[in-house]
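**Q** Please build the complex by placing chains B, C and D with the ligands on the supplied structure of chain A, with the hints as guidance.
Protein chains in written order, with this note's numbering: chain A, 1 to 355; chain B, 1001 to 1355; chain C, 2001 to 2290; chain D, 3001 to 3534.
In short, the hints are calculated from the structure, not lab data.
Hints are supplied without guarantee of correctness; some may be wrong.
Unchecked claim - Over 12 angstroms on every C-beta distance to chain A, these chain B residues come out as not near it, computed from the model: (1) 1064; (2) 1179; (3) 1215; (4) 1216; (5) 1332.
Claimed, not checked - Covered stretches of chain A (in silico footprint by chain B; criterion: 3 or more residues with CB under 8 angstroms from a CB of chain B, positions within the stretch not fixed): (6) 145-156; (7) 159-172; (8) 279-293; (9) 329-337.
No residue lacks a Cβ here, since even glycine has one placed at the ideal position from N, Cα and C.
Below are the chains, spelled out letter by letter.
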Amino acid sequence: MTSNSTNVAATGGVVPPNSTQKVALLASLGMLPVLVVLYIGFYGAMYLHDPGVASNFISQSNTINILQQVSINMVLAIGMTFVILTGGIDLSVGAMLAFSAVVGMIVATPGAVTGSLLNTLPPSLALAAFLGSGLLMGLLNGAVIAFLDFSPFITTLATMTTIRGLAYLVVNGSNVLNTDITFGWIGNGVMQTLFDRQTGFDIPWLVVIAAIVAVASWFILRRTVLGGHIYAVGGNAQAARLTGINVSLVLVFSYAACGMFSGLAGAMTAARLLSANGNLGVGYELDAIAAVVLGGTRLTGGVGSVLGTVIGALIIGVMSNGLTILGVSSFWQYVVKGLVILAAVFLDRMRQRRG
Amino acid sequence: MTSNSTNVAATGGVVPPNSTQKVALLASLGMLPVLVVLYIGFYGAMYLHDPGVASNFISQSNTINILQQVSINMVLAIGMTFVILTGGIDLSVGAMLAFSAVVGMIVATPGAVTGSLLNTLPPSLALAAFLGSGLLMGLLNGAVIAFLDFSPFITTLATMTTIRGLAYLVVNGSNVLNTDITFGWIGNGVMQTLFDRQTGFDIPWLVVIAAIVAVASWFILRRTVLGGHIYAVGGNAQAARLTGINVSLVLVFSYAACGMFSGLAGAMTAARLLSANGNLGVGYELDAIAAVVLGGTRLTGGVGSVLGTVIGALIIGVMSNGLTILGVSSFWQYVVKGLVILAAVFLDRMRQRRG
Amino acid sequence: EKKLTSVGMTVGVLGNPFFSSLAKGATDEARKLGGPDVKVTVLAHNWDVSKQVSQIENFIASKVDMIVLDPADPKALTPVLAKARAAGITVVALDDASEGVQYTIMADSVAAGRNSCEYLAKEIGNKGNVILVSGPPVTTVFDRINGCKEALAKHPDIKILSDDQDAKGTREGALQVTQDLLTRFPKVDAIYNINDQCAIGSLLAVKQARRTGIILTSVDGSPEAVSEIKKPHSIFVASSAQDPNEMGRNAVEVGFGIMNGKAPAQTLVLMPTPVITKENASTYVGWKPL
Amino acid sequence: MPAQTTPSHMPHDRARPVLEMQDVSKRFGATSALAGVSLQVHAHEIHALMGENGAGKSTLMKVLAGVITPDAGSISMDGQTIAIDGPASARAHGINLIYQELSIAANLSVAQNVFMGSEPRSRFGLLDKQALHARTRQILDRLGASFAPETPAALLSIAEQQQVEIARALIHRSRVLIMDEPTAALSERETERLFGIIRSLREEGIAIIYISHRMDEVDLLADRVTVLRDGQRIGEIQKADIERGRIVQMMVGRPLAELFPREERFKAGDCVLEVERIASEQVHDVSFKAYKGEIVALAGLIGAGRTELARLVFGADVRRSGTIRVNGAEASIRRPRDAIRAGIAYVPEDRKGQGLLLDMSVGANMTMNVVKRFARFGMVNRAAMARVAAELKVRLNVKAASLGMPIAGLSGGNQQKALLARWLAIKPVVLILDEPTRGIDIGAKMEIYNLMRELAASGVAIVCISSDLPEVIGIADRVLVMREGRIAAELSRTEISQERVMAAALELPQADRLVVPEHIDAQTGRMSFRPDAS
Ligand SMILES: Nc1ncnc2c1ncn2[C@@H]1O[C@H](COP(=O)(O)OP(=O)(O)OP(=O)(O)O)[C@@H](O)[C@H]1O
Ligand SMILES: Nc1ncnc2c1ncn2[C@@H]1O[C@H](COP(=O)(O)OP(=O)(O)OP(=O)(O)O)[C@@H](O)[C@H]1O
Ligand SMILES: [Mg+2]
Ligand SMILES: [Mg+2]
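Excised from the complex, chain A in its bound form (with noise of 0.2 angstroms):
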């Protein structure tokens, strides 16, 4: 480091426009174009293997079939990336959709858990529930972190294990059922678009609000003054401290972004299903965490970008899509799904090294 930093300074001159931003994009653009790779290669093995299928692969419909698959984990990937960006981790993710998928559902199905607290309150309030139930959560998390300098890996672990339990039980281990919830339209419906009659190209509502909560995101990481602290604290939380950034508030506002947008999640997955249970989203954090390392965000903090999430999250949503229309079953699928990610990073350092 001492050593290019000499020659920086030696040769002086010329530098990029704004650093971070400027390794963030590269970062994130360097997986852009492995996703084209990853495109094209599936385009390319279904064709030799049957075109009609090949194209049934680029076909509109299964571009927004692939968009509406990866919505809910990129929501998901983007919470993690504030809380990543601060150089922390959010290991309660999955449970925290279950939580409020369950604590959401039952507000909004009177008479869903008798004798529960959350029934007496109005259907209207659901989608309230959906997101209250998860900032809540996320803002345990942040104050934990924050405030008792707990670490954040076991911090979350722990509140991963105690927040799956409470899912379960808001519900006792069961289901809550409710064909007709008024917010199904999140889960089922389509926006129509301008040229909707003409062409009957609509774009499902789960990816119209990935979409907002990815342009939200950039909006804070990147133009304002909290979003800048974020990356202030991930990338030398003394400095941080010494400048007079109160660390502690960007920690909860991190993880609470988090947790809401996890709530989010949750809301999203109990309208596709119209229904909702504890087993929701196991195993989730392990997807949304490689979603944000594969989209070039530092697990360190500091360093990353929402549009790095968004792709890192398009590239293991083309994957499983792919393998499945090839046909290839569970057990190839395991086997590819690991080596196209090294793969991946492999040809993001190749770019680097050459760039």
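**A** What follows is chains B, C and D with the ligands alone, placed relative to chain A:
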């Protein structure tokens, strides 16, 4: 201060246990009281509710029972300790456990999988197959991380998936059964202790193996040069490299050790269940990491001890044993486990504040 | 008639002989009907409904002729299954029920639990302490537990010591839970498990605890269970059997019929679950996994 | 310059101190870092705070900046007692501190680092990037920094990071500006610039507290000197009677001999290190020799490529071309291990980042490089390690409570000595020291200089990178001046002089990065070196 320290300098004196150890030792001791408190707490709770149950809980047989139950997670966690001390992480331990378990069982069971090359090996090589397959996977992890310089998290996340898939593949997703394996004693046998005749007090081999692994690992980490280098790499890789330490070698060793211990855990599991399938060890990585972190090992590397990990694993074991014996339903067990972990960390903090 | 070229199948977990037997039954039948090069894609949903929804969507995208599914949820799949139907895909369910399928063949889980526990009650002379080792919170598990409770309820002298411990449906899970429960309860006469994997786990626990006078029953009739039951002095006495190979075969066969406009006689078939005991074990034709 | 906080500006009556600290005490476990220290600082003055490593200077200043809460004592401004809780509130009182230990977020740009925590906001409270970069550029120009606001901080050298630290404090309107060893990492040119700024700030009526281990800086700047020793205030010296010997005596508690060892003419032995046409991105075909028993100084401006050259020789970075010979034999050096085997030792400039193993004990840190040599069957020979460590501790007079204590607990000087010990343990043929006395007190400096002489006398060839001109002149038998990755001049013992070194170092092609000498004159009124001075 300067003055008296000069005298110290003059007198020179011997090297007291160096700081790495001190910190680790403190941290692990920090958790020992927690373990004790937990144990006593359970005893008290049971006593109030039924003295008979309480005495069962502290009975020799249940104590051995607990030790036996934690032994496998402990072996995994000790392997994980090597990796985490270098500042890395290994998410693939559960998958490696499953892989080596099925490979070993196939070798041990003539005709288990028709046409499988593994079945051409003599059953006597089974144990070698368990350890060897684990070691091989570990070496692969280590090589990728050390030489391709991939992030340990994403690498082992990928290999976790791939190895899991391989575990399913080698047995076509079925179950290898063999109730008369030659190494059944590992799983269900006991070591006759001296005073066996009188007291009938024998120790299960599972426990003996875990103990041996712990002592050997402690020795490597605390007494060998390589151990010192592991701490150095985890503490400051840059500095380690500048002092001429072969960082890559240290990394490969650590991941290989973790892999081999996972293989051993695979043998222990297979021997205990007299069968093996691709689903073994799902999610074990989190238990292992939890034990390591509870034991006071720092996730960023450089600080920690085997002793701490052992205690961490025991805390987790006592917890689930105690809760079940208390008759806490599985939903509540989730809730309580998380809270207990948080409480443990909190108690530890308090202790360090005062100390 | 329409030709069968590709089948999409999604089941609970892999690495469990029951599901791989389902897969085998279905695959063999598909080959029989559609020829050797028919494409059968088998996926596992690990009881993650969202995952299963995605899998089904992907099957639709790859335009399979038939979807054979082991539903992870009775209602949640309705929308996506409607989509599949709309795409002209035949949808049949096995092992568990779901809205929106054209045909369902499953074991009667309640009956399975009932049969198993009636035999259990008989073996212990209709009195004593019984442990019910439960599993993950899913419908099938609840049914098997409830069926067992029905049977035991008929006998006032039978006391249920525990029925709320989740053994994860695995050997290692049951081994640990049973060890702990045995520590808690000094006097146990019988243990009922929600599946054979767990039963074997409990069996190991009982052996290691050197406890005697305990018998085991469960549900599934898997090869390992049967071979254990056959052993002369084994305490594992009974398991109400399912026939996953037949289940898979039948599902595809009927599905193929529906494909070609032949509506099934009844849209829900509950397969019997005969209790396999030491007496009849020898005559029982067991599962054939992949 | 606008800032978040504009403290009320009251007319200073020069007799009355702006800031007073009374009986401030602070303990860290066993060590009492401060024992009832009082300090008075006036407007329009540069107040030098002197003391050995570990005397308590930084601790005292951190109390002022609200980073450390004192166990006892009070602080008052303009006569009124004030409560300082946290950096923000200190800043609200117009107190700003340039920290000794660099705290830069490597993931951010220079601008983002400079304005960290006080980012300029646009109308809707959003980040105002334009203002951010514009204002950073202003401040960097004022400091004569050679890098742009957009530069990734990860690419900055220690010295450049130091400039960012300084900029951080300068963006705020201060009434009391504290500089804790701001020049530790700077070379002559940047230092000149900084002095200009300090003086103009003094004219603006700002009280400046200045901490440094460089005596000549104190001579140049200080209006008043307060000396600390072992956490106690030893005394105050007025401008009139500032005099080195006196200060040093107060600091060390005993009169100190000449800083640099009496020079005994060294007789050139045979060539030990021979570097031929070595090259990388930053270093261009550099060749040089180092002889048995001599001390070669590598002088030059920040970024001249000295550290890079050292790292290439040591194999820490890969070189594009060039050969290295040790004792005549070609050494194939591809990684540090090879260099060490060849008998080359390298003490890096970034003590914490690349040298110390902060979690390990003093003993473990010192014996790091020889654990292997004494090991039996790969086992640490703890007895031998203890012995070696104890010997080294005595030989280098490392002031540590015990060899078992964490090295993080030592003062800068002692950490540096421990690092030296680590490398002496391998009995090197060639010893490369990168800024060996950065941030180290005069006593420790002396010990290190003597040690260097001793080693040279014992036949070690020493290559010493230093940005401290008096040091270069005091210690070197020969000076190699680097510029832009090349050796610009070689000065023999007799030729060495400040003027010559600076001239060779300053002669830069790009005018924009050249500090126009007249400019320096204007601000400092001090004689400056012109490129043609030689
Ligand atoms: N002189 C030394 N140089 C380098 N590393 C050392 C030195 N002495 C100890 N270490 C390392 O520091 C750590 C402490 O080693 P040490 O042998 O003192 O531990 P220990 O006291 O035997 O272990 P425990 O505290 O668990 O009983 C180990 O990693 C060891 O390799
Ligand atoms: N955070 C801390 N924890 C424990 N001890 C500390 C801490 N900070 C400082 N000390 C101790 O307090 C004493 C004073 O430290 P301080 O940094 O103020 O000295 P200093 O005068 O600034 O030295 P230097 O000239 O090397 O910067 C030293 O003995 C140091 O070891
Ligand atoms: Mg200081
Ligand atoms: Mg340098």
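**Q** Hint by hint, say whether it matches the structure.
**A** Hints, verified against the model:
1. 1064: At about 26 angstroms from chain A, residue 1064 (chain B) clears the 12 angstroms cut-off, so the statement holds.
2. 1179: Non-interface label stands for residue 1179 (chain B): nearest chain A Cβ at 26 angstroms, farther than 12 angstroms.
3. 1215: The claim stands: residue 1215 (chain B) keeps its Cβ more than 12 angstroms from every Cβ of chain A (closest is about 26 angstroms).
4. 1216: 27 angstroms, holds
5. 1332: At roughly 7 angstroms from the nearest Cβ of chain A, residue 1332 (chain B) sits no farther out than 12 angstroms, so the non-interface label is violated.
6. 145-156: The restraint on the segment 145-156 of chain A holds, since 7 of its residues have a Cβ under 8 angstroms from chain B and three suffice.
7. 159-172: Holds: 11 residues of the segment 159-172 of chain A have a Cβ under 8 angstroms from chain B.
8. 279-293: Result for this restraint: holds, n = 5.
9. 329-337: As far as the segment 329-337 of chain A goes, the hint holds, because 8 residues have Cβ atoms under 8 angstroms from chain B.
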